[in-house]
Amino acid sequence: MYISGYGGYVPRLRLPTEDIAKLWKGGGSGPNKAKSVANIDEDTTTMAVETARSALSMSGPCEIGAIFVGTESKPYAVKPTSTIVAQALGVHNTLASDFEFACKAGTEAMQVITGLVGSGMISHGIALGVDTAQGRPGDNLEYTAGSAAAAFVLTDNNKKSIAKIEYSTSYVTDTGDFWRRQTESFPRHLSRFTGEPAYFHHVQSSVDQLLSETKLQPSDFKYAVFHQPNPKFPIQVAKRLGFTSEQIEPGLLNPIIGNPYSASSPLGLVSTFDIAEPGDRILLASFGSGAGSDAFSILVEDGILDKGKNHVPLSDIINDNREIDYSTYTKLRGILK
Amino acid sequence: MNNLEIKISGTGLTKITDHWSHSLVDLSVESAKQALSESNILPDMVIFANTLSSYSSSQENLSTIISEKLGLSNINSFKIESSSCSGAMAVNIAHKLLRSNDIESILVIGSEKMTDLSPSETTKATTLGESYEYTQFFGITMNSLYALFSRLYMENYNISADDLSNFSVLSHNNSASCNHAQFNRKFSLDSINRSSIISSPLTMLNCSPVGDGSASIMLSKNNNSNFNDVNILSSTSSNSSIDFYSRDNLLEFNSTANCINNALKESKINLDDVDLLEVHDVVPAITANIIETLGFSKPGFATSDVISGKYDLNSKISLSSSGGLKARGNPLSATGIYQIAEVTRQLQNRSHVDLQNKKIGLCHNMSGIDNNSVIHILEVSN
Amino acid sequence: MSVSYWRNRDRYFRIIGSICNSCKYESFPNFYNCKKCNSDDISDKEMPNHGKIISYTVSSESMPGFEKELPMSIGLIKLNNNVNIVAQIVDSDLDDIKIGANVKSVFRKISSDGDSGQIYYGYKFKIVKKLKK
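Quick mapping for you: the protein sequence lines, in order, are chains A, B and C. Under this note's numbering, the first residue of the first sequence carries the number 1, and numbering increases by one thereafter. Under this note's numbering, the first residue of the second sequence carries the number 1001, and numbering increases by one thereafter. Under this note's numbering, the first residue of the third sequence carries the number 2001, and numbering increases by one thereafter.
Just so you know, the hints here were simulated from the structure itself, not pulled from any lab data. Possibly wrong hints are sitting among the right ones.
Derived list of chain C stretches under chain A, where covered just means 3 residues or more per stretch with a C-beta under 8 Å from a C-beta of chain A [to be verified]:
hint : region
1    : 2007-2019
2    : 2095-2108
3    : 2119-2129
Pairs of lysine-lysine, DSSO-like flavour, derived with a Cα cap of 27 Å [unchecked claim]:
hint : chain 1 : residue 1 : chain 2 : residue 2
4    : C       : K2068     : A       : K331
5    : C       : K2068     : A       : K22
6    : A       : K33       : C       : K2129
7    : C       : K2129     : C       : K2052
8    : C       : K2104     : C       : K2068
9    : C       : K2078     : C       : K2129
10   : C       : K2024     : C       : K2036
11   : C       : K2104     : C       : K2024
12   : B       : K1268     : B       : K1221
13   : C       : K2036     : A       : K309
14   : A       : K232      : A       : K25
15   : A       : K307      : C       : K2098
16   : C       : K2036     : C       : K2129
17   : C       : K2104     : A       : K309
18   : C       : K2068     : A       : K309
19   : A       : K22       : A       : K232
20   : C       : K2078     : A       : K309
21   : A       : K309      : C       : K2098
22   : C       : K2109     : A       : K79
23   : C       : K2104     : A       : K307
24   : C       : K2104     : A       : K74
25   : C       : K2024     : C       : K2068
26   : B       : K1033     : B       : K1015
27   : A       : K25       : A       : K331
28   : C       : K2045     : A       : K309
29   : C       : K2098     : C       : K2109
30   : A       : K164      : A       : K239
31   : C       : K2036     : C       : K2078
32   : C       : K2036     : A       : K74
33   : C       : K2068     : A       : K79
34   : A       : K307      : C       : K2036
35   : C       : K2068     : A       : K74
36   : A       : K222      : A       : K159
37   : C       : K2129     : C       : K2104
38   : A       : K331      : C       : K2109
All residues carry an ideal CB built from backbone N, CA and C; glycine is no exception.
Based on the sequences and whatever the hints tell you, model everything.
Below is the structure:
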């Protein structure tokens, strides 16, 4: 399976975590410096359309047979975001669906499209991980819950491909570390339980399985991208699995944009693609509460040298930002009723 | 079409303000009764000019309702709508009907009720004449379109927003003593420029206000009133594209240009015969562009002409003698009829201010940014 | 759902106007008769995504449903094919909104029928800046 195009988007607005801490703790800051905040006219759908367009701009025109949006912040509980993306792309003869698996819905979409393309049912599919994550005001999650989107065009046509998905695994258990009931606005979580039994167990399990089945070692990888609920977890899990801080650095975005849930590890991959070179191998390991992890081994191809004239590096998008304060944030997120 | 001169044989107008206690029908009856009383005749037809009745009063079929309230039955009545130039358009149609039909008189009533709406509903009301699909849907307001035009005008002629405010100063100077005007006070240039921004660079005191009002006129083949004959020398109308920005030249007002060309031909007057000028002065840059299109000022020079006093009340040509849209007020579909009623009274020497030697008046009424316009040229004969 | 929105959604999502197949004149919104050569041989055409600001304003008034978006920046934009379009300018510093500034189209929420009604999407524009490294 090949990735023939990718796109990433981060909203322009930033809320410094110092502002959140000032209100709720009297000072200090969160574990990350700032988080990205969707503007009043942005939502999962708008960001999905932008990244799908970027990814298609890079891959070039192709016959899309599946559009899957992985998100836990669907604007409609019932009505797919993916059909709006399809309409915006001018595509109609396609599968379209929204996936939910907390922060791993985007990589789940990649897995499913791999199967559809591999079976010959479709020739190209777009997998998206998009979220405008919400954290309950005053809760720890509020510091990190951010907004972003990432999209990948997958195909079995290796002509001018950006990268090859060599292998992937998936590991799931029923583990309720973080959840949101149907009519609730904000998720709930079990604090420290979200660590060992959730994040670490599942990420380590899927990566261990991948390494065991492929006989690859951490040193065979140039880069590694892990899901980033906060700045510390990805650094810790990398160390445990035998990956270095240099390997994870290009994909580590939480410190500056927070955790955009379904876009978190996919966006880390986008960021890594922006600086990777042909022949580099990248590990991608997502984590979704509920819980599960998808692990991928991705080999960068020559096509990465030609990203097309419309490509804007993610670092440029992230660097074009404007700080807001907590009161503006509450207006934008509709917290004031 | 024959050359029969149609006369304005009766006028009526209400004060323009927030008429909390009066409905659209109440206001219409008030102005219509004045016109009927002045004219001393009964009309063969009633034409009602209005844009917002559905939106602000949930009422259509008003020509029927108002006719009944006036005790006029068994009469031909209907409504005309062409957005902000509905008033003058109704007069234009009445003029055509009288010249081509065996009827004697038509009562034209223009009314608008704008203040029963919330602020954002009022903003929508004033934008209803613009494209729903590509303007209203996107949250673009009428004043923001005026502002986009204004900035283009200012850039093109290198004129500042502050200088353009002189139009508003003039308007308020003229409305100060006018009883029916919405504003009865003057404003300094400074206070106009410092008023809050509606849509940059337009300040609040540079934008025509929102208010309720009704104006009526009786058009007839004979004058049975106690006042001098005021004849309609010409009534012309022409439309253009709805969006000003899709035109080849964004500052060109072709609708107004066609109207004035035809008006001068039909009336056989020259521009410098005009003593009283009423234009659709919604915001200063548009006022300037209208005056320049009509030919009273050279392109880019209307502002300096205002500053030098060319259009003052006591000059050869008086602009907005009752305050214009800016200070007398702009109840949309009534505005065109207010202009004609005011000029008629001024020509008959019975206005709030006595101006000597005023023989010919020109009234220009427009919708949107010159997407439709109507010009009337009136002459008094003693 | 507003049926008018559904009818126009392709035009709103992809800025689809018209091209005259006879004289190649392009226009937005779409037309049925070419205003240059009067031909009725017209096809849909996607307008360019880039353009320049030729006029702008910042509005402190809103239409119903847009109250939370004030102050609203609005631009008159000349697209790269010389077609003019009026749209909101978003996510841009006020200092950057000036005549001659480069803009590109973005896909955004326009409005919604309240919290339980449908959401309407369409085009807006934002300033394209060259970032200092």
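Status of the hints after comparison with the structure:
Under the rule that three or more residues need a Cβ within less than 8 Å of chain A, the assignment of the region 2007-2019 of chain C holds, with 4 such residues. Look at the region 2095-2108 of chain C against chain A: 3 of its residues bring a Cβ nearer than 8 Å to a Cβ of that chain, three or more, so the hint holds. For the region 2119-2129 of chain C, the assignment as covered by chain A holds, since 4 residues bring a beta-carbon within under 8 Å of that chain's beta-carbons and 3 suffice. With a C-alpha separation of about 8 Å, the suggested pair K2068/C and K331/A falls inside the 27 Å cut-off, and the hint holds.
For the hint pairing K2068/C with K22/A, the CA-to-CA distance comes to about 26 Å; that is within 27 Å, so the pair holds. With a C-alpha separation of about 25 Å, the suggested pair K33/A and K2129/C falls inside the 27 Å cut-off, and the hint holds. The straight-line distance between the Cα atoms of K2129/C and K2052/C is roughly 12 Å, inside the 27 Å bound, and the hint therefore holds. A distance of roughly 23 Å separates the Cα atoms of K2104/C and K2068/C; the hinted pair therefore holds under the 27 Å criterion.
The suggested pairing of K2078/C with K2129/C holds, with an alpha-carbon distance near 17 Å, which does not exceed 27 Å. Of the supplied pair hints, the one linking K2024/C and K2036/C holds, its CA atoms being roughly 10 Å apart against a limit of 27 Å. The straight-line distance between the Cα atoms of K2104/C and K2024/C is roughly 23 Å, inside the 27 Å bound, and the hint therefore holds. As the CA atoms of K1268/B and K1221/B are separated by approximately 20 Å, the hinted pair is consistent with the 27 Å bound.
Proposed proximity of K2036/C and K309/A is contradicted: the alpha carbons are some 34 Å apart, above 27 Å. Pair hint K232/A plus K25/A holds up; C-alpha atoms about 21 Å apart against a cutoff of 27 Å. Our distance criterion of 27 Å between C-alpha atoms is broken by K307/A and K2098/C, whose separation comes to about 31 Å. With a C-alpha separation of about 35 Å, the suggested pair K2036/C and K2129/C falls outside the 27 Å cut-off, and the hint is violated.
Distance check on the hinted pair: K2104/C and K309/A sit about 15 Å apart at the alpha-carbon level, within 27 Å; holds. Of the supplied pair hints, the one linking K2068/C and K309/A is violated, its CA atoms being roughly 36 Å apart against a limit of 27 Å. With a C-alpha separation of about 22 Å, the suggested pair K22/A and K232/A falls inside the 27 Å cut-off, and the hint holds. Proximity of K2078/C to K309/A is assessed by CA-CA distance (about 22 Å); at most 27 Å being required, the pair is judged to hold.
Restraint check for K309/A and K2098/C: the C-alpha separation of about 26 Å stays at or below 27 Å, so the hint holds. Among the hinted pairs, K2109/C with K79/A is consistent with the structure: their alpha-carbon atoms are about 16 Å apart, no more than 27 Å. A C-alpha spacing of about 19 Å is found between K2104/C and K307/A, which places the hinted pair at or below 27 Å, so the restraint holds. Pair hint K2104/C plus K74/A holds up; C-alpha atoms about 26 Å apart against a cutoff of 27 Å.
At most 27 Å may separate the alpha-carbon atoms for a hinted pair to count; K2024/C and K2068/C exceed this at roughly 41 Å. For the proposed pair K1033/B and K1015/B, the alpha carbon gap of about 14 Å is at most 27 Å, so the pair holds. For the proposed pair K25/A and K331/A, the alpha carbon gap of about 21 Å is at most 27 Å, so the pair holds. For a cut-off of 27 Å, the pair hint linking K2045/C to K309/A stands: about 22 Å separates their Cα positions.
Taking the CA atoms of K2098/C and K2109/C, the gap is about 24 Å. The hint holds against a cut of 27 Å. With a CA separation close to 25 Å, the supplied pair K164/A and K239/A stays within the 27 Å bound. Taking the CA atoms of K2036/C and K2078/C, the gap is near 19 Å; set against the 27 Å cutoff, the hint holds. A hinted pair counts as satisfied when its Cα atoms are at most 27 Å apart, and K2036/C with K74/A does not qualify at roughly 45 Å.
With a CA separation close to 25 Å, the supplied pair K2068/C and K79/A stays within the 27 Å bound. Proximity of K307/A to K2036/C is assessed by CA-CA distance (about 40 Å); at most 27 Å being required, the pair is judged violated. Among the hinted pairs, K2068/C with K74/A is consistent with the structure: their alpha-carbon atoms are about 21 Å apart, no more than 27 Å. For the proposed pair K222/A and K159/A, the alpha carbon gap of about 23 Å is at most 27 Å, so the pair holds.
Our distance criterion of 27 Å between C-alpha atoms is met by K2129/C and K2104/C, whose separation comes to about 10 Å. A hinted pair counts as satisfied when its Cα atoms are at most 27 Å apart, and K331/A with K2109/C qualifies at roughly 16 Å.
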